[in-house]
Structures are given as C-alpha cells and as structure tokens.
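Undergrad: The chain contents come next:
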Amino acid sequence: MNNVATLESAHDPAVSESTGILRLQGLITGLQGFIWAAYKMMRFLLLFSRQGKLRLQKWFTPLTDREKKKVIRDMMMLVLARPPRSCNFLQWRDLKIVYKRYASLYFCAGLEDKDNELLALEVLHRYVELLDKYFGNVCELDIIFNFEKAYFILDEFLMGGEILETSKLAVGVSMEEADTLQETMEEYMSKPAY
Amino acid sequence: MECVRMIASPRYSEKRVGYLGAMMLLDEKQDASLLITNSIKNDLSNSNQYIQSLALCTLACMGSAEMCRDLAPEIDRLLRASNSYIKKKAALCAVHIVRKVHDLGELFTKAARSLLTEKNHGVVHGAVVLITELCERNSETLERFRKTVPDLVQIMKGLVISGYSPDHDVAGISDPFLQVRILRLLRILGRNNEAASDAMNDLLAQVATNTDSTKTVGNAVLYETVLTVLDIKSESGLRVLAVNILGRFLLNNDRNIRYIAMTSLQKIVGTDHNAVQRHRGTIVDCLKDQDASVKRRALELSLALVSASNIRSMMKELLSFLSSCPPELRSQTASGIFNAAERYAPSQRWHIDTILHVLTTAGGDVRDETVPNLIQLITNTSELHCYTVHKLYRALLSDISQQPLVQVACWCIGEYGDLLLTGECQETEPVQVTEDYVLDVLETVLQSHMSSPSTRGFALTATMKLSTRITENVDRIRSIVSIYGSCIDVELQQRRSPLWRIYCFSLDFKLKLILDQSNKLT
Numbered sequence: 001m002n003n004v005a006t007l008e009s010a011h012d013p014a015v016s017e018s019t020g021i022l023r024l025q026g027l028i029t030g031l032q033g034f035i036w037a038a039y040k041m042m043r044f045l046l047l048f049s050r051q052g053k054l055r056l057q058k059w060f061t062p063l064t065d066r067e068k069k070k071v072i073r074d075m076m077m078l079v080l081a082r083p084p085r086s087c088n089f090l091q092w093r094d095l096k097i098v099y100k101r102y103a104s105l106y107f108c109a110g111l112e113d114k115d116n117e118l119l120a121l122e123v124l125h126r127y128v129e130l131l132d133k134y135f136g137n138v139c140e141l142d143i144i145f146n147f148e149k150a151y152f153i154l155d156e157f158l159m160g161g162e163i164l165e166t167s168k169l170a171v172g173v174s175m176e177e178a179d180t181l182q183e184t185m186e187e188y189m190s191k192p193a194y
Numbered sequence: 001m002e003c004v005r006m007i008a009s010p011r012y013s014e015k016r017v018g019y020l021g022a023m024m025l026l027d028e029k030q031d032a033s034l035l036i037t038n039s040i041k042n043d044l045s046n047s048n049q050y051i052q053s054l055a056l057c058t059l060a061c062m063g064s065a066e067m068c069r070d071l072a073p074e075i076d077r078l079l080r081a082s083n084s085y086i087k088k089k090a091a092l093c094a095v096h097i098v099r100k101v102h103d104l105g106e107l108f109t110k111a112a113r114s115l116l117t118e119k120n121h122g123v124v125h126g127a128v129v130l131i132t133e134l135c136e137r138n139s140e141t142l143e144r145f146r147k148t149v150p151d152l153v154q155i156m157k158g159l160v161i162s163g164y165s166p167d168h169d170v171a172g173i174s175d176p177f178l179q180v181r182i183l184r185l186l187r188i189l190g191r192n193n194e195a196a197s198d199a200m201n202d203l204l205a206q207v208a209t210n211t212d213s214t215k216t217v218g219n220a221v222l223y224e225t226v227l228t229v230l231d232i233k234s235e236s237g238l239r240v241l242a243v244n245i246l247g248r249f250l251l252n253n254d255r256n257i258r259y260i261a262m263t264s265l266q267k268i269v270g271t272d273h274n275a276v277q278r279h280r281g282t283i284v285d286c287l288k289d290q291d292a293s294v295k296r297r298a299l300e301l302s303l304a305l306v307s308a309s310n311i312r313s314m315m316k317e318l319l320s321f322l323s324s325c326p327p328e329l330r331s332q333t334a335s336g337i338f339n340a341a342e343r344y345a346p347s348q349r350w351h352i353d354t355i356l357h358v359l360t361t362a363g364g365d366v367r368d369e370t371v372p373n374l375i376q377l378i379t380n381t382s383e384l385h386c387y388t389v390h391k392l393y394r395a396l397l398s399d400i401s402q403q404p405l406v407q408v409a410c411w412c413i414g415e416y417g418d419l420l421l422t423g424e425c426q427e428t429e430p431v432q433v434t435e436d437y438v439l440d441v442l443e444t445v446l447q448s449h450m451s452s453p454s455t456r457g458f459a460l461t462a463t464m465k466l467s468t469r470i471t472e473n474v475d476r477i478r479s480i481v482s483i484y485g486s487c488i489d490v491e492l493q494q495r496r497s498p499l500w501r502i503y504c505f506s507l508d509f510k511l512k513l514i515l516d517q518s519n520k521l522t
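Chains G and C supply the protein sequences, listed in that same order. Residues in the first sequence are numbered from 1 upward in steps of one, following UniProt numbering. Residues in the second sequence are numbered from 1 upward in steps of one, following UniProt numbering.
Think of the hints as simulated: they come from the structure by calculation, not from any bench. Treat the hints loosely; a few may be bogus.
[As the list claims (entries may be wrong)] With a straight-line Cα cutoff of 30 Å, these simulated DSS-like cross-link-like pairs (lysine-lysine) come out:
1) K100(C) - K70(G)
2) K100(C) - K149(G)
3) K267(C) - K114(G)
4) K114(G) - K100(C)
5) K149(G) - K41(C)
6) K114(G) - K119(C)
7) K58(G) - K215(C)
8) K68(G) - K119(C)
Keep in mind it's a predicted model, so treat the numbers as computed, not measured.
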C-alpha cells in the first residue's frame, strides 16, 4: 500500500523535488491539432504514479483524445526520467511544466509562459493539503477508489485553470455541505412513499 | 448519453456524477454537449447553491461559444445578486466566457468593478482574474480600470500588514495566491503609464522588502513583485532593488529559485545589461550545475552576457562547458560560441583557435554553413595560413571522425600543402612532414568508413591540388585519383573526371590557375 502520509513532510524546498512547468501554446494545425487557447493559469493537471498509471486528469483546454494521449505520454516520459533532487521546472515544446512528487504520485501541471512557476508549486501543494484534510492522511489508494471525490475537491479549488478559492477551510466546508446534501437527498429519495 | 440523463435527474447525487462525467468525457466540440445546455440553464436558477455551482463549474470547464453566448446574461445576474459562494464561481465562469467570446467582455465590466469591494477573498480573487482578462483583451477597458489602482493597492496593503489569519495563511504569508494575482493585475495596469506606476511604487517597495523569503511561497510573491517592477515604469531605486532580489535568488541553494532567477534575468538582459553583468560569475557557475534545466538557462544567459571585455574568460568557460554538456545542448552551445567569437574575437588567431577547438570537441553538432564560413575566414587571414595548416594537420593525425573538421583540414592541406611541407612556422613548433605523410593522411580519410561522401570529395580535391605543389610523389597521386575515379559515388567521379583530364595535360602553370579557380567553387 502506498502510503502518502509523508505528503506533508515531503514538501521541503531544500529537497527540491522535480516539477515541470509546461506551457502549452496551441496552434491550429492539422499536424499537431492543439487548439489556440487563451491565456490561462493552467492548461492541464495530471496525477500519475511512478509506474506510469494515470490517476487523475483535468484539462482546462479543449483537446482531442489523441492530443490528450500524446500529452500524457510525453509528460510521463519526461517527468519519470528526471533524477531526484532536480529542478522542478521543465521546458516542453513551448510549455512550462511544473511537477512535484508526493510519495508515489507525481503531480504535473502545464502552465503558460506568463505564469509564476513558484506559485504553481504552491497550488499543487495546496491541492495535496486539501486531499489530505478530506481523506485524512491521503494515500494513492484513496485517490484510486474515490476519484470522483478527488475531482470534486479539485473543482472547489480550481476552475477554468484559475484558482477559485484561496481559503483551505472554505473548500473543506463546501465539500462537507455538498456531501451532506448528497446523502440527504438520497435518504429523502429512498424513503418509501406511502 | 448517460451523463445527459443523469444531469437531468432531480437528485443531487446523480447530477453531481453526471456533471463530472460531462466534464471528463465531453468537450465543446461534441454534439452531446449541446444537449446539456438546457439542463445547465435550469440548474443555474436552482434554489440550491450547490446545484448552481455544478452548472457553473461545467460551463466554465467545457462551455462552447454558443453556450456561453446563451448563458452570459444569467452569469451576469449571478455576479450581482447572490451569495459569495456563487459570486466567486460566477466570476471565473465569466472569465471563461470572455475567453471564448471576446465581445461579451463589455457585459461584465460593471459587475467586475463592484466585486472588488467584497470582503470574501475568493470573490476578490475571482474579480481580479476577471478584470485582468478584460484588460488584456481590450485597451479601452484597461484605461477604465486604471482607476482601480488605488483600491488594489489598498487591498494589497491590507494583506501584507495584516495579522495572522488562519484561513488564508501559508507559511506566514497572508493569502499569497491573491497577492500574486493582484501584483499581476497591477503590472498590466502600470505598464506604459507613469501615473499608475507612481501610485504603486511604495507598495511594491514595501512588498519587496517585507516579504519573508525563506520559503517557496514568499519567493513566489517576491518573484511576481520583481516581474511587476521590471515591467512598469518604476523609479530606478526600485528597479535596482528588483535586480538585487534576482541576484539573491541566484545564490539561493534551491535549484528552482535559481532557475527562475535566470529566466527573469534573461528577460531583462537587453534593457538592464550592466545590472545583469554584475552577476555574471554566479551565472557562469550555474553552468556546472548537475541539473539539465538549470544548465540550459545558464547557457542562454551566459551567451547573452558575452561582450568584448569578457570574451576571453567567458569563452574559456563556454568551451569547458561544451566538452561536458548534455548532448541536447551541444548544438546550441556551438552556434552560440561561433556567434560570440565572430562578434568579439580579440584576434584572428584566437578566433581560428576557438573554432578549431569547437570542431574537435563537438564537430558532429555544428551547422553545415560552419565549414564554408571557416574556409572563408582562413582564406582571409593570410598571415596565419602556415599556422592554420600545421594545426589542422595535427588535428587530422589524431582524429578523423569529426566531419566538419576533416573537411576543413583537407581543404587547407590541399590549398597550403607547400607551407606544410617546408616545415617552418613561427607560431607553432616545427614538425617534420614529408610528402608521403601528407598523402598517407589524405588516403586514410578517403578510405575510412567514417568519412561521408562530401568529406571524401574534399579529400580527393585536396589530393589533386597537391599535385601542383609537390614534386616527388606524383605517381602516387595519380594512383589514388584513379582508384577513386572508378568509385561508385557519382559526385566523386564527377569531381575527378574534369580535373583528371586537365591533369593529364600536365601543364603546371595552366593547372595551377585552373585549380585555384575550382578551389573557389568548393
């Protein structure tokens, strides 16, 4: 069992895990097929394991399936090949890639040229903290079996490639309330109607 | 289709999963996305804020241009009159709409302005992002929003000097995400505008000096501040402060910080060249860093910093870097060195030495035009012909695998072989070279499997040219040429035939003239 309990302690600037900043500049061409996307903070966010298994993918730009697969393949290839203690930022095509390893999972984000790489590191870290708070000592298995919750948390934190909520507590509260609503509705709907 | 069904369901749990499915599986280009437009519309007016938020989120994720046009008024309504939870989501949804359909920006301008005054950080953040987006698209809007600079400064000040707020605190910095966003907006507003830049001067100085730089988050804010200072019309004291911060970053142990420092310095090396020169030593040291990303940045920056005054020391560093650099950076380094050498070479001999050094170290990675360029250079440096041909001969003796080097060497020997054979040269130690040795070398090149066809062409031409310059081994030359005359390679044959015929007439003077002329064609 991959225990990602060391998520918090793994975040140490001195350790310098690798993060790649990927900056995607889309051009409409038949060959590449990437769409010209407006300036966003983030183009995509990927989570994958050391063995190359994709656990989460969030795309903030419309891409075809083929393009997505290409990006995923390239990201895995680039990031998994990086030695430990390297710089967390990479250049891939026109993109800045920021990646960071938390125990067995790599969090990889694609950014634009204008974006602040260091802040992206903080964004990744904040997302990990949110997951940790919600699942309680989150590990990779939590994300595998409850991936929809991971997406819901992400959707409370980021939207359209931008940060939605800067407060940790607020995200937690929204998730709780939404979950309660879900249960309440289920109970309500499953009550036998006499 | 299942998604569409689930989205339409009245149960929240089904809606939630349905919308998630839509975001993951559908995108705006698919027809199925149109089917959910109606559901989104209905859900936007739902009394429950969580259902509204699902709709907003999905729209912001995969809303097509038509959907955006359709629902924009709804979003505007939500921006004005709802609770902060919905407002912040509506703000980012509006951002997406503006990105998709630029004209709709007008619709949101008023609402965006009023959102700045809210207390909720999420809402303010959304408002700042929206305003940034509007200003980037439309210069009139930008003019209008310049008036908000004092308000933004006020908000920043509040964040910087406020006490500890557990809600938004990250390692001692209060809401760094919002701070960075505001700084970015200030950058856009202050660009090319004196008044706005003045208004934010104090604030930027305050942030630059007071932010704690021991953790990444503090450095993120400082980084954004530096970028802002360098981009607006800031006063010189502030600029110096900013460059000094970058200098401090360069000395940081953390590789990430050094990487971004170099990235930023690259942007200002054109405008603030002297300021960046002060940090040249550190930058050159970064060439020796283990990390490939850092090396790349250091290389680009080092090449930009080469100047007439530091050319010798910089070139030493660059050449040693070339011998140990990762393969993907080799060709960039080589061309950078050539450009620098061409612009700032202190002497001809140094120039030729440098080029030869590059060719011996990374000959396989140089561009094709290097060879003719070098030949041109050598031709023009008549006083160094003797020196050059000796050096090249020696290089050829040790290694014939680097094609550009071999080509230039062969050409040189063919051209100045007589200087080689006389053995005397002031600039290097004399070496005993007989005609046999020279022909040995050329023959080795011709026979070697490492030589490309064009290299063989060079060698053959050189051999033939030597026939006019040497006296004893004419027969040997004839035999070499005849062997390669029957060679399969067409170009080689072509090269051989006309010269062979001329050769056979054996009129030395005429030969020399013609050979010299054909020499210029190669």
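Undergrad: Does each hint fit the structure? Answer for all of them.
TA: Okay, the hints, checked on the actual structure:
1. K100(C) - K70(G): Distance ~25 Å between K100(C) and K70(G) Cα, so the pair holds.
2. K100(C) - K149(G): 28 Å, holds
3. K267(C) - K114(G): Roughly 12 Å between the alpha carbons, so the hint for K267(C) and K114(G) holds.
4. K114(G) - K100(C): Within the cut-off at roughly 19 Å; holds.
5. K149(G) - K41(C): 25 Å, holds
6. K114(G) - K119(C): 28 Å, holds
7. K58(G) - K215(C): 28 Å, holds
8. K68(G) - K119(C): Roughly 39 Å between the alpha carbons, so the hint for K68(G) and K119(C) is violated.
Of the numbered hints given earlier, the model fails hint 8 alone.
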